[in-house]
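Asker: Since the structure of chain A is provided, determine the placement of chain B on it from the hints.
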Amino acid sequence: MATAAQVQAPPLKAYPVIPILARGAMADSKPYVASDKMNEALGFPGKLVENWQAKAIDKMGELLGKYRSLPVFLDSCVHCGACTDKCHYFLGTGDPKNMPVARQDLFRKVYRRYFTWSGKLFPKLVGAEDLTESVLDDWYRYFNQCSECRRCSVYCPYGIDTAEITMAAKEVMDSIGVGQKYSNEIIGKVHKIGNNLGLPGPALKNTLETMEEEVKDETGLDVRFPVDEKGAEVLVVVPSADFFAEPHVYSLIGYAKVFHAAGIRWTLSSHASEAGNFGLFIGSYDQMKSIAMRVREAALELGVKRIVVGECGHAWRVAYSFWNTLIGPFDFLDARYPAPQHICELTYDLIRRGALHFDREKNDHRVVTFHDSCNVARGAGMGGIPGGQFILPREVIRAACNHFHDMAPDTIHEHTFCCGGGGGLLTDELLELRVKGALPRMEALQQVVDAHGVNFMATICAICKAQFSKVLPYYKFDMGLVGGVHQLVGDAIRLGRND
Amino acid sequence: MSALTVVYAALFYAATAILVVGVALKIAQYARIPVPLKIPTTPAPMTRGGVVWRMLREVTLFESLYRANKWIWLFGWLFHVALAVVLARHLRYFMDPVWGLIEIAQPFGVHAGFAMLAGLAGLWARRFLVERIRYISTVSDHLMLALLVAIAVSGLAMKFVVRTDIVAVKAFMLGLMVFDWQPLPADPVLLVHLALVAALMAIFPASKLLHAPGVFFSPTRNQVDDSRERRHVTAWAGK
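Protein chains in written order, with my numbering: chain A, 901 to 1399; chain B, 46 to 284.
Hint data in this document are derived by calculation from the structure and do not stem from the laboratory. The model shown is predicted, which means the values in this text are computed figures rather than measured ones. In this text, a Cβ means the ideal position worked out from N, Cα and C, and glycines have one as well. Accuracy of the hints is not assured; some may be wrong.
[What the hints assert, rightly or not] To give a feel for the contact side, a few chain A residues facing chain B, derived at Cβ under 8 Å: (1) Ser969; (2) Thr1016; (3) Ser1018; (4) Ser1034; (5) Asp1037; (6) Tyr1185; (7) Asp1186; (8) Gly1228.
Bound-form chain A, shown alone:
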């Protein structure tokens, strides 16, 4: 495995080029395996179980009966090749097993062998294969090289979503004791402490008090960062990186200023101090549900009337698409805001109603572009309008900035490229994969840097922010080039009197 110093970014090309296949190029890339304790804490076997083949096939059969997407997607692929040049990890590494169809086929060949008569009778003919140790190794390597970004699904003529296959494969692996350390450790922390970073309640309160002091020094105003305040109108659930990581924290300051300027009473919760939900990444419905349940519990406990989610991409997919199923119905919320909202929806709504005012020239040193985060772009909506998840963040940016330029059309909106660190891959041992997987986004970014002098890439995802901060320097960009939409809002919003 390459160390951080050895990782080399591929050269940026003026025009995207589909790579020549580099077989086995990423065969050495795999994340650390979860320890016994981490697996057992989530109810998975500690390590590889004895009769793992039979157990894995049983689990596959169970999932095939629980998720319609699986048999439909596994049966329907015709190997047309439409997806082969759509994955950022393939474009960055050239490893053919990172082509979405090839990744799916790692799972499909086992499905064919054990669950279809053509695969039972003529395995060679239809590409069916026994679940051997080497197949399991390939699963662990290459299903941990999929960020579940769903870009391939946009282009597939049958809508086959590799993320569904990856999640199923991860669920099968967890069920036989082959868990991935990064994701499973984080899920353990959420259950134990309440957030992915393992920040306990008292530390959270300290951090927020410090933040209040800093904002007071900057503005001279008492902008509050309340936590666990009963009677607040709005519960805000943010990715825990917003509490102290840079540039995330500037967005949290931005949210606080929005609430301050609008005069809305809000609160964070120490019980639900995490918007992120890694249950999605490991494909576990039960984990996803129990993590999400903390939000419902906190909302009821605090008696809030609205729930708002901060800048976190996959959290918004879970909140927008799944919460109603997982932890709904939300009949306890204000009838005017009957469903959880995104912070961009809240801010956009206030802007349209004239409740917020900006000194946009305060962002004049910035030339801004916007990176659509995959889970927001392809798995969620905003504002109740088609494409709202693209329109609202850009409108909020335009309200706060004078200089905005979009990247190339085939790299934004639903065509957007993953940052390279989503899906539970934001871990140091996968750095080579992360750097190379960022290539398509870096190429698009380079174009607007050259054409318009862009020096700020705004995004609404904590993983995107952390990933870009890490990989931008490999492409000779400043790591401070990435930041949040509400960072821009926070820097330009007019506080105090609005006249």
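Answerer: Frame of chain A, contents of chain B only:
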């Protein structure tokens, strides 16, 4: 009645049974399994009508494929549309009198036969010429194309090279439908053509041809984007 007629009658009954029962079972399986969560892919319609419109565009224009790759779209769409016209042309063997619309389709059907071959040739060429697609192609992918090409070539051969007694073929087919078996002409090309078609019908429910019913069941394409407005509850999720 000749042994040949009996064999082919039996062949078509068996192939039809496998096709109909096999696909019905698959559809029943898909329909039975729940879709626990809302997973439509952007651009996802917000109404049921919008989904119908999206699906219609998907299965008639291959919209997603068009956005993905113009070459695959060109060859794939050409093949499928041509196949539809060819199938329409063939309906005349199963009806008497022939419907007006099918009558009109007759001359186009011949052109469509060549268009179908051109589409297949393009799709097959990609399996050899494009490295990525060569990598993902299995033996069965090539055999499927070979089968379709052989069906098209044998069909066109009967039109342009060795003509067969189509009046007798029609009598045979009409007879099959009412269990009143009529003699089948013993022309080799016809026999090859029919055997290959029967083979295609028989492997349909056990092959990637399941993409035809599959696309209608694809949750990323057939779900309405209304997860916040309507609580999505299925057999085991959301209870």
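Asker: If a hint holds in the structure, say so; if it does not, say that too.
Answerer: Right, here's what the structure says about each hint:
The restraint placing A:Ser969 at the interface with chain B holds, with a minimum CB-CB distance near 5 Å, inside the 8 Å limit. Using the Cβ-Cβ criterion of 8 Å, the hint placing A:Thr1016 at the interface with chain B is satisfied: the shortest such distance is roughly 7 Å. Nearest Cβ of chain B to the Cβ of A:Ser1018: about 5 Å, under the 8 Å cut. The hint holds. With its C-beta approaching chain B no nearer than about 18 Å, A:Ser1034 sits outside the 8 Å limit, and its interface hint is violated.
The restraint placing A:Asp1037 at the interface with chain B is violated, with a minimum CB-CB distance near 19 Å, outside the 8 Å limit. The beta carbon of A:Tyr1185 comes within 6 Å of a beta carbon in chain B, closer than 8 Å, and the hint placing it at the interface holds. The beta carbon of A:Asp1186 comes no nearer than 10 Å to any beta carbon in chain B, farther than 8 Å, and the hint placing it at the interface is violated. This hint holds: A:Gly1228 has a C-beta 5 Å from the nearest C-beta of chain B, less than the 8 Å allowed.
In summary, the numbered hints that this structure violates are 4, 5 and 7.
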